[in-house]
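A.B. asks: Each chain, written out:
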Amino acid sequence: DVKVTQSSRYLVKRTGEKVFLECVQDMDHENMFWYRQDPGLGLRLIYFSYDVKMKEKGDIPEGYSVSREKKERFSLILESASTNQTSMYLCASSPSGGRNQPQHFGDGTRLSIL
Amino acid sequence: AQSVTQLDSQVPVFEEAPVELRCNYSSSVSVYLFWYVQYPNQGLQLLLKYLSGSTLVKGINGFEAEFNKSQTSFHLRKPSVHISDTAEYFCAVSDHQAGTALIFGKGTTLSVSS
Chain S
14 DVKVTQSSRY
24 LVKRTGEKVF
34 LECVQDMDHE
44 NMFWYRQDPG
54 LGLRLIYFSY
64 DVKMKEKGDI
74 PEGYSVSREK
84 KERFSLILES
94 ASTNQTSMYL
104 CASSPSGGRN
114 QPQHFGDGTR
124 LSIL
Chain C
29 AQSVTQLDSQ
39 VPVFEEAPVE
49 LRCNYSSSVS
59 VYLFWYVQYP
69 NQGLQLLLKY
79 LSGSTLVKGI
89 NGFEAEFNKS
99 QTSFHLRKPS
109 VHISDTAEYF
119 CAVSDHQAGT
129 ALIFGKGTTL
139 SVSS
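Which chain is which? The protein sequence lines are S and C, in order. Reminder that position 69 of the first sequence reads as 82 in this note's numbering, one-by-one numbering, no gaps. Reminder that position 27 of the second sequence reads as 55 in this note's numbering, one-by-one numbering, no gaps.
In isolation and in its complexed conformation, chain C is listed as follows (with noise of 0.2 Å):
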């Protein structure tokens, strides 16, 4: 079965500052890979998502991801952060064997501070 390891559950940075947050996945077949955000007592909101061509996504809000085959790898990135930003962020791949059901990642909280 597939799985997704998002490989930090807490990244804190300084307002304006750049951010990474990591996601790598099991599956060497064909994927599909979400981003989603979830902002205090909201449900996840779609940031981007990558489905195929081009490897670099951009997605809402500032963010981008970069697919890599060969890493098995979706990692999130934004180059100025703001405190609106701080949000937990889940990383996730479509499982081909449950359908369209989604397998997600633990999460990454991202606190931005001034």
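Isolated chain S, as found in the complex (with noise of 0.2 Å):
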């Protein structure tokens, strides 16, 4: 089975901090994602990859930076946390191979700025 690890299922920080939320895979995927999950909002994607050293904005990118050095590991970050940014964070990954291939998710961090 796909194994997704999200380094942290709970996080508190403070405003103005940088925080990094780490999401490593086992399976060897090429592409991997960042999605913020808000009641009422269902999931939205705030950056995704398609391969090393490549990173694409979603739909909300917005005060948040990514980076891929690794294929296994994709890390969110917060330049510098607001309260806004409280929330579930949620990674992904899926295969190469096109739109048809599902994404598989690890457990989430829920995230609290102060």
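Hints are computed from structural coordinates only; laboratory data are not their basis. These figures come from a predicted structure and were not determined experimentally. Don't take each hint at face value.
As the list claims (entries may be wrong) - What follows is a set of in silico ranges between Cβ atoms, one per label pair, in the way DEER data are often shown:
| no. | chain 1 | residue 1 | chain 2 | residue 2 | range |
| --- | --- | --- | --- | --- | --- |
| 1 | S | 108 | C | 81 | 39 to 45 Å |
| 2 | C | 48 | S | 96 | 34 to 40 Å |
| 3 | C | 40 | S | 31 | 30 to 36 Å |
| 4 | C | 70 | S | 125 | 34 to 40 Å |
| 5 | S | 35 | C | 137 | 28 to 34 Å |
| 6 | C | 110 | S | 96 | 37 to 43 Å |
| 7 | S | 70 | C | 44 | 43 to 49 Å |
All C-beta atoms, glycine included, are put in the ideal place defined by N, C-alpha and C.
Take the two lone chains, each set in its own frame, and fit them into one complex as the hints suggest.
C.D. replies: Structural data, given as structure tokens:
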């Protein structure tokens, strides 16, 4: 089975801090994604990546950046955390092969910014 | 751009009753469709997917969904639900303009009571 591991289940940070959320997948998938999930809004795509050192903006990239130095790892960075970034963050991966490939999700990181 | 509408935000049902969770998508072009389930404090798990072929798709845990191109719908059904089916359900469509990224609906919370 595909395993997508997010480094923290719960995280509490302060306003203005630089925050790193880490995600690792063990199935050699080319594609990786970061979403945020908020009640009543579903999942919204922040950034995604098709390959090492490659990134594409999703629907809500403002206030975030990403890093993909190795194929298995995709990091989400909050440059200067703000309270409106309090949310559940979900990482996902999928193999290459087109739009018919389902995504595999980690268990999420619940981030609170105080 | 693609969009996905889940018509009910909450669906309460009694155990052993049938259930239908409704999903409509916006695009008239070829699409791939997915249903995911999220149990409390977990990530998303793939229930089923429609790629092509038969319009009736069977998934895990006794769920099935029917693709209706003329109605642009992909409703999820189960003939008899269990308490353990209590979860949030997300419909998703692949967005051909964003590579392999998925567009998610806002989710439907299924609450099964005895």
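A.B. asks: Look at each hint and say if it fits the structure.
C.D. replies: Now for the hints, and whether the structure bears them out:
no., hint, verdict
1, S:108 <-> C:81: 39 to 45 Å, "21 Å, violated"
2, C:48 <-> S:96: 34 to 40 Å, "38 Å, holds"
3, C:40 <-> S:31: 30 to 36 Å, "43 Å, violated"
4, C:70 <-> S:125: 34 to 40 Å, "19 Å, violated"
5, S:35 <-> C:137: 28 to 34 Å, "29 Å, holds"
6, C:110 <-> S:96: 37 to 43 Å, "39 Å, holds"
7, S:70 <-> C:44: 43 to 49 Å, "46 Å, holds"
Hints 1, 3, 4 from the earlier list are contradicted by this structure; the remaining hints agree with it.
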